[in-house]
Structures are given as C-alpha cells and as structure tokens.
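**Student:** Protein sequences, first through last, are from chains A and B.
Using the working numbering, read the first sequence as starting at 1 and increasing by one per residue.
Using the working numbering, read the second sequence as starting at 488 and increasing by one per residue.
I should point out that these hints are in silico values taken from the structure, not numbers from a laboratory.
One or more hints might be untrue.
[Said to hold, decoys possible] Simulated crosslink set (DSSO-like; lysine-lysine; CA at most 30 Å straight-line):
id, chain 1, residue 1, chain 2, residue 2
1, A, K249, B, K535
2, A, K28, A, K334
3, B, K612, A, K484
4, B, K524, A, K249
5, B, K612, A, K145
6, A, K442, B, K524
7, B, K612, A, K432
8, A, K48, A, K334
9, A, K455, B, K612
[Claimed, not checked] Which residues of chain A face chain B? A partial, calculated answer using Cβ under 8 Å:
id, residue
10, A134
11, P368
12, V448
13, R476
All C-beta atoms in this analysis are idealised placements derived from N, C-alpha and C, irrespective of residue type, glycine included.
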Amino acid sequence: MVSTGTTTGSPIFDYAPAPESRAIVDIKPSYGLFIDGEFVDGHGHSFKTINPATEETLAEVAEADEADVDRAVKAARRAFRGWSRMPGKERAKYLYRIARIIQERSRELAVLESIDNGKPIKESRDVDVPIMAAHFFYHAGWADKLEYAGLGPNPQPLGVAAQVIPWNFPLLMLAWKIAPALACGNTVVLKPAETTPLTALLFAEICQQADLPPGVVNFVTGAGDTGQTLVSHPDVDKVAFTGSTAVGKAIARSIAGTDKKATLELGGKAANIVFDDAPIDQAIEGIVSGIFFNQGHVCCAGSRLLLQESIAEEAMAKLKRRMSTLRVGDPLDKNTDIGAINSAAQLARIRALAEIGEDEGAERWSPPCELPSSGYWFPPTVFTGVSQAHRIAREEIFGPVLSVLTFRTPAEAVEKANNTPYGLSAGVWTDKGSRILFMADKLRAGVVWANTFNKFDPASPFGGYKESGYGREGGRQGLAGYLKAGA
Amino acid sequence: MAASRLEVRKTYKLYIGGAFPRSESGHSYEVHDSKGKFVANAAKASRKDVRDAVVAARKAFPGWAGRTAYNRGQILYRIAEVMEDRRPQFVQAVQQSEGGSAAQAGRQVDEAIDRLVWYAGWADKLAQVAGNANPVAGPFFNHSAPEPTGVVGVLAPQSSSLLGLVSVVAPVVVTGNTTVVVSSYSRPLPAVTFAEVLATSDVPGGVVNLLTGDAATLGPWLAAHMDVNAIDVTGVAGDLDTATALEVAAADNLKRVRRAPAAEPDWTAVPALTTMTDFLETKTVWHPIGV
Chain A
1 MVSTGTTTGS PIFDYAPAPE SRAIVDIKPS YGLFIDGEFV DGHGHSFKTI NPATEETLAE
61 VAEADEADVD RAVKAARRAF RGWSRMPGKE RAKYLYRIAR IIQERSRELA VLESIDNGKP
121 IKESRDVDVP IMAAHFFYHA GWADKLEYAG LGPNPQPLGV AAQVIPWNFP LLMLAWKIAP
181 ALACGNTVVL KPAETTPLTA LLFAEICQQA DLPPGVVNFV TGAGDTGQTL VSHPDVDKVA
241 FTGSTAVGKA IARSIAGTDK KATLELGGKA ANIVFDDAPI DQAIEGIVSG IFFNQGHVCC
301 AGSRLLLQES IAEEAMAKLK RRMSTLRVGD PLDKNTDIGA INSAAQLARI RALAEIGEDE
361 GAERWSPPCE LPSSGYWFPP TVFTGVSQAH RIAREEIFGP VLSVLTFRTP AEAVEKANNT
421 PYGLSAGVWT DKGSRILFMA DKLRAGVVWA NTFNKFDPAS PFGGYKESGY GREGGRQGLA
481 GYLKAGA
Chain B
488 MAASRLEVRK TYKLYIGGAF PRSESGHSYE VHDSKGKFVA NAAKASRKDV RDAVVAARKA
548 FPGWAGRTAY NRGQILYRIA EVMEDRRPQF VQAVQQSEGG SAAQAGRQVD EAIDRLVWYA
608 GWADKLAQVA GNANPVAGPF FNHSAPEPTG VVGVLAPQSS SLLGLVSVVA PVVVTGNTTV
668 VVSSYSRPLP AVTFAEVLAT SDVPGGVVNL LTGDAATLGP WLAAHMDVNA IDVTGVAGDL
728 DTATALEVAA ADNLKRVRRA PAAEPDWTAV PALTTMTDFL ETKTVWHPIG V
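Next up, chain B with everything else stripped away, as it sits in the complex (with noise of 0.2 Å):
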C-alpha cells in the first residue's frame, strides 16, 4: 500500500528589508477563510517589528529614489509579469479570504495586475505631469519638480486583501517613496504571497515592507515615528476614532496623511492623481541667467 503523501505547509512571514522574519515577538494569530475554517497561522507583527521595518525601508530610501524614473517603471511591470506568472495562486487566495467565486476572484487578480501597470507607465511621466517651468520676473531659471517625500506608512485596506493592497502600494513606490505596509488583518494571506513576489521581481530590499497584523495597534507605532514621513490610513476607513487619533500622533513630525474614507472605496475605479502627489513634495529651483 503506498503510503498517501504529507503535504508541506507553507508558514507566512513577515517582510522586511528583503527578508522574511518571523515576528520578533513570537506571536502569531489564526487566519480563516470567507467561511470560517481554519487555513493558516500568520506572523503577527509587533511594535519591534514596526520599527524594523522603518528602519529598513529608510536605508533603501535614498537607493530608490535615486533610481532612473525608468528603472523604477521596469520594476513595477515585472511586478506585474511575476504576478500573471502566479495567477492561479492569487486567485486561489484571493478567494479563500475574500469568498465569491473563482472568476469574481480572478477579476480582482485582474484588475490589480492592470493596476499595477497602469502605475509602472507613470513612472517617467508624473514629473512632466506634476511639475513645470515656471516664468518668473527676472532673469532666472526656475522649475518644480516633484520629489517622493520619504518613507510611507501604509495601512492596507481591511476588504479588498489584493487589489485595495495593490491600489495603496504602487502609487507611493513607483514615484521613489519606501513604505511600510500593513496588511487586511483577516484577510493577509494574498498580501503575503504579494509579498513573495516582491522579492523575486527586482524590487530593491526594503523598499517594500510587509507586515501582516493588526492596524488599530501597529498604527499608532507607525503613526507616532519619527522617522516616517507620511501615512495612508485606509486600512482603519469607518473607524474615525482610531483615524483621528493616528493624525493627532502623525501630526508630532507633520507627516503627510492621506485620511480614511468613511467606507472601503471602490478599488476597480481608475485612481486619482492625487493616490501618487499625495506624498511627493514639490521642490523648485533657481539659478540666474547670465553671461
């Protein structure tokens, strides 16, 4: 009788500067499917690893948004080749944590896929886009051009476990900008296996970082750092206690806040600008014109 084969379980970790630690702290908690069953333990990132992740992904700063806007773009597409290349497994997990059918998972696998090629093409076109000459009274060269603003703090949206992840990752690291990401508390599995793909697509260590937990508690971390330049809190939309409260703490350094929306916004429609001016600063230069 041939014995029947053990399957091997993957365990999903954290993602920091490359790497993929446990959390430091040991803990980890139980994710289930649409339906309630059990399917895997996740890492449950802790403060500790909040601050890793800063650092981490304030080291890969300066590497990354000095990078050619083109190479930056090249990046983001092969983000998008390796993530056709898994499909099955995203829709697979996209799926299981968000439930509907194969072909409605799918679409969502889709549409982030499109997402993020749509923002690899603004790589080399939002400085013509958001930035300009301009013709001021006197005998100078003057120009703006937009600059990423540092290190992003990300809360991911609760819902949407990979286009929602995708739609609030990509605007803020194709323009140069590193983050730290916190994923759908319930739903992170497809945010670890981006996570994956990530470190298999160029993308430099540390420009993304991954954590999978609970954004009502890493975010005050994230919030309060000193060392992060701005924060997306979507991840709390609807909780305008907790939203308020990562603003007050965000406002001791003056990060850039992008607020939660009162609900979950529509993922599928085509973003804003504003998703990638929101943490670019505006720098203008000058020089006289002379002989």
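In isolation and in its complexed conformation, chain A is listed as follows (with noise of 0.2 Å):
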C-alpha cells in the first residue's frame, strides 16, 4: 500500500507500519447540532459521514434546515448582546481556555481529523492542531486590544457571524473563522463541510468544557442547502466563507443590496517559480509540499510549477525521484506522506481533470504506486509538457496533481504566474534577493512565498487578489473583517 521505490520501482527502504491508536476517539453512532450550548437533534434528514480511508461509515449527522438554522441564529442573537459587551479581558480569557484545551486534546483532535478527513496523522498532529490552537492564542490577545486594530478607537463587532468553512482544513478553517469572530465580540454559527462534520462537533464539547457562553458559538451541519440557508438569513451581519470561486460568487451575489459583510476565501491555481540559480533541493522540498501537502486538497497549493528552461530537465529529474519516495496510505500511519482523497465526488473531479491533462496533449507521470483496494486514493502525478492554455493549467484540480511549465526570463515567468482569474497565492525559488523582491512586488497575490512554501501562522494575513476572494484571515488585517468603525 505505499510506494518506497526509486522511479525503477526497487525500494530504499522498507518501512514497518506505524499505525497512530484510534482508541482515543469516541465516535458516536449519530450526531445532532450544536445550539445554544447544546447538542440538540435536527428538524431535518441526517447524512453519513465516512472515513474516506475505508469506506466505513462513522456516523449519522443531522443536516440542518431552515428552523435549525434560525433556532442557531436566534441563539446566536441572544448571545451577542453579553458577549459583544463583556469586557476584552474576559473574551480573551475565554479564548486562552480554549487553547488551552485544543492543546491539551491535541491528539484526539488529530486522530478525529484524519479519521473523518483522509489526511495524513502526520500533518493534522503537526500542522493542523498545533496552528489551531495557535490561532487561538494569537486572537485571545487581541480581545483587549482592539482599539489598536487600526480601525480608530472604540471599534464594534458586527454582529452575528454565518460561516461556512471546507473540507480540506476542517480544524484549522474552524479556528480561522472562529477566533478572530469571537474576539472582536461577535458571535458564531457554523457550517462545517458535509464530508467533515466530526472535529466541528467535538470542538462543540471544547465550549461546553471551557464554560463558553450558550450561543457564542453554533454548529450546524449539512450540505450546500444549509450553508446557503445559514449566510442569507436575514438576521446575519457577517459572512465568511472558504470554498470553491463559484460558490463564493454565488454568496456575493446573494448579499448584495444588504447590509452583510463578507470575506470569502477562494480558490487558487499558484504559480511556483523555480530559477535556474536557485537553492535546487530546497525547492524540490518545496514544490513536493507546495502540491503534495494534505493531498494537494489546499486553495493555495503550488499547483503549476513553473521551471527555467535552463533547469527543467534536471529538476524533473530530481523532482521525480523525491516523488518515488513518497507514501501513499492509511492517513493513522505516521509514515504516510500522501492520504485518502476527501470523498468519491473529489476524487472523480481530479480523475476526470487528469483524464483531460493527457487527452490535451500533457505527458502524465507517477511513480510506481500501490494504492489501497478500498477507500478513495490518487497517486502523486505530474504533467510535463504542459501550455497555458491546458486545462490543467488553469482550473484548480484540488489533489495531488502538478502542471508544469517553463519560462525563460523573470517578466515571462511574471506573464505566466499572473495568466490567471486567481490570485491567492505564488512561490519564488531564486538565490538572488534582489529578484526575489522584484517577482514579490509583480506577483498578483496574496501571499508570496520566496524560497518557502505553504506556511501559515495566525499572525500572517492570508488571503486572495481576483477571483480568489476578498478580505484577509490572520494578522491585524484579518481583525478588519469582524470590526466596524464606533461610533
């Protein structure tokens, strides 16, 4: 089930399985929603979610419709009158608790997240929990400290925040969303994905546990139906969403003529920019997590490669060769580089974009790769021969599938990076620092990543040009998006 070879297929090293317990977590065999501080049964149907590792389904979720989702509004409501004006010096230590409590479950959380997501243990134990919680510390000292959020004095929160958040990051976009919201004294309801309702629902018990006020923070789970109930309640003030472009469109459009705010967080197809002087194993590492990091299932993957001609030949080579390595398996084994693919309908999008790589002319390449027989796998692949106009090298495939392209010059390498509606992230991969300041300041994106990739920390704004959103999460800027003005 993994792929421990060179690219002839004969392995390096053999590995023994590392399997992380699951006894830690508690599954239920069905979930409601979480109301005004209390997990109450839906009005609705339920759906299930699955392991997408296994097939198995984890449990029943209710999904939420129109009274469940005013009943959350409402409590949402209620709440926000305390909450909005408890002093922020207690928001805040509401907020530490939390941390502290994310930190304290960590491995439970991690252990949940990979079950119910497909993602490697390795990544939502190092990665996804630990920057959660971190996004909790970071907007607990904000809360009393607003003033100098460069809103002017006495800032207001808006209200009450609907958001809806992806599969990809359930934990993680969880604490992106609700950190900054609560901090600025808004209050919450919650959407996670259909696919990924599971961490939401226990962070529920995390609020329960650290004496959050009823209706601070809601959950209400179900599909796009719900969602779409949830941001054009009227008796919202905010919406914030992470999710594909159309669906993001689809919002605007819906709150336009009101009074709501939005930030919506979009998709992406980044260029990552590799020069013929650059630091090359460095980059290799980077461009192996820029597109193979959670499965490629990232808005700002470093999903086209874009080579000096000069370099290209030798840096495929490599770049080949580190991808042999790669292991493709149970998301619990803490050797597992790759996981499952989120769900059947993600996977058959990617197949289906693949399919249409090759049949536009691309040269597709994966290593020799063992996939599990159940379960919902795609092996590390990458395109070579790839034009701008190929589909996919403009349309995000969401998995863990490369484009790569070549450039000559920095201002064919700008021309190329920037040939997109999208504009949430890029990487430069360069020794010389005064091009990595010139291809920083032509990049259209929101964050550039020089001789790094895919690093975030909740003090670093995020956040996408065009067709990639608007508004920020994370850093100072991010605060904007949960504050008005006073008065």
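Could you fit the two chains together into a complex? Lean on the hints.
**Tutor:** Right under this line is the structure:
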C-alpha cells in the first residue's frame, strides 16, 4: 500500500507499519446540532459521514433545515448582547482557555481529523491542530486591544457571523473563522463541510468544557442547502466563507443590497517559480510540499510549477526521484505522506481533470505506487509539456496533480504566473535577493512564499487577489473583517 | 460701428487615455444650470466608451502602480496646485451646477483642493499605517503591505459635482489604482473642467478616465466588465434596486464593491481610511531567515 521505490521501482527502505491508535476517539453513532450551548436534534434528515480511507460509515449527522438554522441564528443573536459587552479581557480569557484545551486534547483532535478527512496523521498532528491552537492564542490577545487594530478608537463588532468552511482543513478553518470573530465580540453560527463534520462537533464539546456562554458558538451541520440558508438568513451581519470560487460568487450575489459584510477565501492556481540559481534541493522539497501537502486539497497549493528552461531537465529528474519516495496510504500511519482523497466526488473530479490533461496532450507521470483497494486514492502525479491554454494549467484540480510549464526570463515568469483569474498565493525560488523582491512585487497574489511554501501562521494575513476572493484572515488585517469603526 | 465679438463656446468631451474624444456613439445631452437654463451639450458616454476607458485604465495600471509613492503624492499635489490656479473657473462651474452663492461654491472648491492635498500626503504613509511586520512562530521574515487592486470603476456622486467627485477619485488613484469615473449626470461640467486639470498636472494618460453620462446606464457595463477589479457605486446612492443590481453584476469576477450609502454623505467630513483601503489588497511575503 505504500510506494517506497526509486523511479525504477526498487525499494530504498522498508517501513514497518506505525499506526496511531484510534482508541483515543469516541465516535458516537449519531450526532445532532450544537445550538445555544447544547447538542440538539435537527428537524430535518440526517446524512452519513464516512472514513475516506476505508469507506466505512463513521456516524449519522443531522442535516440542519431552515428552522434549525433560524434557531441557531436566534441563539447567536441572543448571546451577542452579553458577549459583545463583556470586557475584552474577559473574552480573551475564554479564548485562552479554549486554546489550552485544544492543546490538551490535541491527540484526540488530530486522530479524529485524520479519520474523518483522510489526511496523514503527521499533518493533522504537526500542522492542523498546533496552528489551530495558535490561532486561538493569537486572537485571545487581541480581544482587549482592539483599539489598536487600525479601525480607530472603540471599534465595534458586527454582530452574528455566518461561517461556512471547507473539508480540506476542518479544524484549522474553524479556528481561522471562530477565533477572530469571538475576539472581536461577534457570535457565530458555523457550518462545517458535509464530509467532515465530526471535529467541529468535538470542538463544540471543548466550548462546553470552557464554559463558553451558550449561543456564542453554534454549529449547524449539513450540505450546500444548509450553508445557503445560513448565509442568506436576514439576521446575519457577517458572512465568512472558504471554498470554491463558484460558491463564493453565488454568496456575493446573494448578499448584494444587504448590509452584510463578507470575507471570501476561494480557489487558487498558484505558480511556484523556480529560477536557475535556486537552491535546487530546497526547491524540490518546496515543490513537493507545495502540491502534495494535504493530498493537494489546498486552495493555495503550488499547482503550476514554472521552471526556468535551463534547469527544467535536472529539476524534473530530481522531482521524480523525490516523488518516488512519497508514501501513500493509511492516514493514521505516522509514516504516511499522502493520505486519502476526501470523497468519491473529489476523486472523480481529479480523475476527470487528469484524463483531460492527457487528452490535451500533456505527458503524465506518477511513481510506481500501489494504492489500497478500498477508500479513495490518487497517486502523486505530474504533467509535463503543459501549455497555458491547457485546462490542467487553468483550473483548480484540488488534488495531488502538478502541472509543469517552463519560462526563460523573469518577465515571462511574471506574465505566466499572473495569467489566471486567481491570485491567492505564489512561490519564488532564487538565491538573488533583488530578484525575490522584484518577483514579490510583480506577482498579483495575496501571499508570496519566497524560498519556502505553504507556511501558515495566525499572525500572518492570508487571502487572495482577484477571483481568489476578498478580505484577509489572520494578522492585524484579519480583524477588519469582524469589526466596524466606532461611532 | 464696431462689431460685437462672438463668444467661442466650449465643446464638452469625454476624457479617455489622456485624450478628449467625443462619445463614439455621437450622442450628447443637454446640461442645464440649477435654475433650468440651458448651459451646454455634454458628451453622453456609451457602452463602447466605457470599454475603451477600461482598456486605457488597464494599460496605465502597471506604470502608475509602479511609480514611487512619493511621485504619486507629488502628482496629486500638482493637481491641487493647478485647481487652485483655475479656482474662479471651478467656482463658476460649481455655482452654475449646484446653485447657491459664489461664496458657497467657493467653499466647495476650497474643500476639494484641500481634499486633494490631504490625499496627496497619504501616498507615502498609507503603507506604514496599513502594513506591518508579522511576528510568526518560526525563522521567517514576514511582512504585509497594501497594494492597489487594479482598475476601479467609480460612479461619482450626483449632487456634489466637484467636492464629491474629488472625494471618490483621489483615494482610488493615490494608492496606485487607475479608474474609470462616471460623473454626475445632471451636473457634469465641473467634472469636465477637472479632467482638463488632470490632463495638465502630470497625471499619466489613462490613470483617470472621466465619462459624462448616466450612471444607471453605464454602471451595469462597468460592474459587469471582467477586467475591472473593483467598483464604487456611490453615484446611485438612494437607489437600492440599481445598487443591488450593480453588486450582483460585480460578483461575476468578485469585484470589490464599495456600496452606495442610503443618501449622499456630507463630503466636508474628514474621510475615513477605508476610502483608500477598500481598494487595496494586502500582500504578505515570507522568506526564511538563515545563514
């Protein structure tokens, strides 16, 4: 079930299985909604959430209908009065308390995240959950310092925030949304993605454990309909969405003419640009983490590799050799590099776009790689001979599929990198300082990683240009999405 | 008997890419003063004029955004200087458009000139106020700074023909955006004179493109244009249906939208920073620290 070979397929190492125990998590057969501080039954249907690595059903989860969403928004509205008037230093202590509980229960959160999402335990354990805790710590400290946020003295919260998050980083996106909202004095109704609802419901327990006042955080589970009902609820003041550009546009239309503020974190097709003077081994690591981290289910993934022509051959040889060492398989195995694709639907989309890549004439390559027989899997894949017109160079695949293009001059690299309706992130690899700053200046993207890639921190604002959405999350700039100027 | 001299009347035209074309449609419309007396014919901009103006604005964007902030500040200050020089003409145009006394019109003009000076000073300070270093938990240099979003469509206010116009145009361009502006429909003449000032103030052609015409007609083309990055719909203040339709159209490429207020604001108030930051992107750059 793992690929451990070189490009010729002969193994370098054999790894013994190193599974993380799942005994630490207690998955109930069914889950309700979390409204006004309590778990309640929904009025509507329920849906199954499955383990994408095995296709086993994990639990039945309530699908919130209009009445459920209304109940949650009303609870958040009631709670807003007290929460927004609470002194910032007291709100801060709730967030600090939550952050500490996240750290204490980090193993449980990480294991459940990997089971429900399919991501490798080493990522949920070392990236998702620690950065989640860091987001609560960071924003806790802001709660009593909002007059320094840059919106003038006495800034005010917006009210009830409707938050809809994706399945690729369920806990991390939850933290990105809830921590700043609460720090600024807003209350929240959040809808986790339909394929990954379980960790949000575990977080609901953490809210209870922290004695967070009822109604400050509410969770409504469900699919697109539930999300649409939530963001279009008339008593919502703020919409925060992370997901596809198509849905982001629909949300922007649905809130037109209202007073609702929106933060939209949408798709991307980031260029990862490697110049001939780049530290090549570091660049290869950056390319690999840029596209294969989290199975490529990353909106800011470096999915378009732009290699300077003079080093393209050497870089491709090194990249293929490195890809051959990637281990695909059991998300709970501590040695796993690439876990399961999150859902059958996403797997079908990745397969379809990869086939289109071949049909349009690009050359496809994957290392020899034995995939598990059940569950949803896709091998790390690279396409060479890709032109800018190819769909695999234009559309977000959201999977472990890299498209490689070449360039000759910095100007051509800029031109190709910016030739996309997206503008979320970009990568630059070169040893020349002035060129880094030149490229960073010219790239139309919200985050530029120079000689690194896929780095995240609560102090660092994240968000896109153009059709990658608007607003920023994290850092001082992220607070602007949850505050308005004081009267 | 000496023949009385025949006055040379001015033809009011559009301002696109640094030139003064007539509307390609050939249409014009009658402009009346505040008492209803005919003053002039103004060019009535068409969809094609909007598209030409967007092309000009896009072409001018990299150069304007690439100027130093100091230089953009100098140029905005230069606009104020030239306006001051033509103050009597502006006072006359504003009084003609908005009515009231010459003193009232004069205060509007003074305020408009001072507004430009205020924004000129922001050019090389805003990045220090809106940007910052980010202390991330790792060995990385990490820094966020504002950047212009690109081409911004502006529907200028309908009532305040000069101060309102300057108050929506200056914050957009001082940060490096370029713009396509639709002036007040019934009070377009101060805008035309303002365009003449822009043309002689070292503002590169295409940075500000000024169209006279109907915001409700031209707004939808601007809002739906896929090469426009943001739109300020102040000019349809009080018309929620039109404002909503524009915001819906703007969602096709996720334009940043500055919504229309319920009524035109008091333009004499000190502007908020959001007049500028609404049309800025935050760019965050990471680099490892090491030897």
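**Student:** The structure should be examined with respect to each hint, and the outcome stated for every one.
**Tutor:** Okay, the hints, checked on the actual structure:
1. A:K249 x B:K535: Holds. K249 (chain A) to K535 (chain B) sits at ~26 Å (cutoff 30 Å).
2. A:K28 x A:K334: Since the Cα atoms of K28 (chain A) and K334 (chain A) sit roughly 25 Å apart, the hinted pair holds (cutoff 30 Å).
3. B:K612 x A:K484: Roughly 22 Å separates the two Cα atoms, so the pair holds.
4. B:K524 x A:K249: Status violated; Cα separation ~46 Å.
5. B:K612 x A:K145: 23 Å, holds
6. A:K442 x B:K524: 52 Å, violated
7. B:K612 x A:K432: 28 Å, holds
8. A:K48 x A:K334: Judged against 30 Å, a Cα distance of about 27 Å means the pair holds.
9. A:K455 x B:K612: Holds - the C-alpha atoms of K612 (chain B) and K455 (chain A) are around 29 Å apart, at most 30 Å.
10. A134: Where the cut-off is 8 Å and the nearest Cβ of chain B is about 7 Å from A134 (chain A), the hint holds.
11. P368: 33 Å, violated
12. V448: Result: holds, 5 Å to nearest chain B Cβ.
13. R476: Holds - the Cβ of R476 (chain A) comes within 8 Å of chain B, reaching about 6 Å at its closest.
Checked against the numbered hints above, the structure breaks hints 4, 6, 11 and satisfies the rest.
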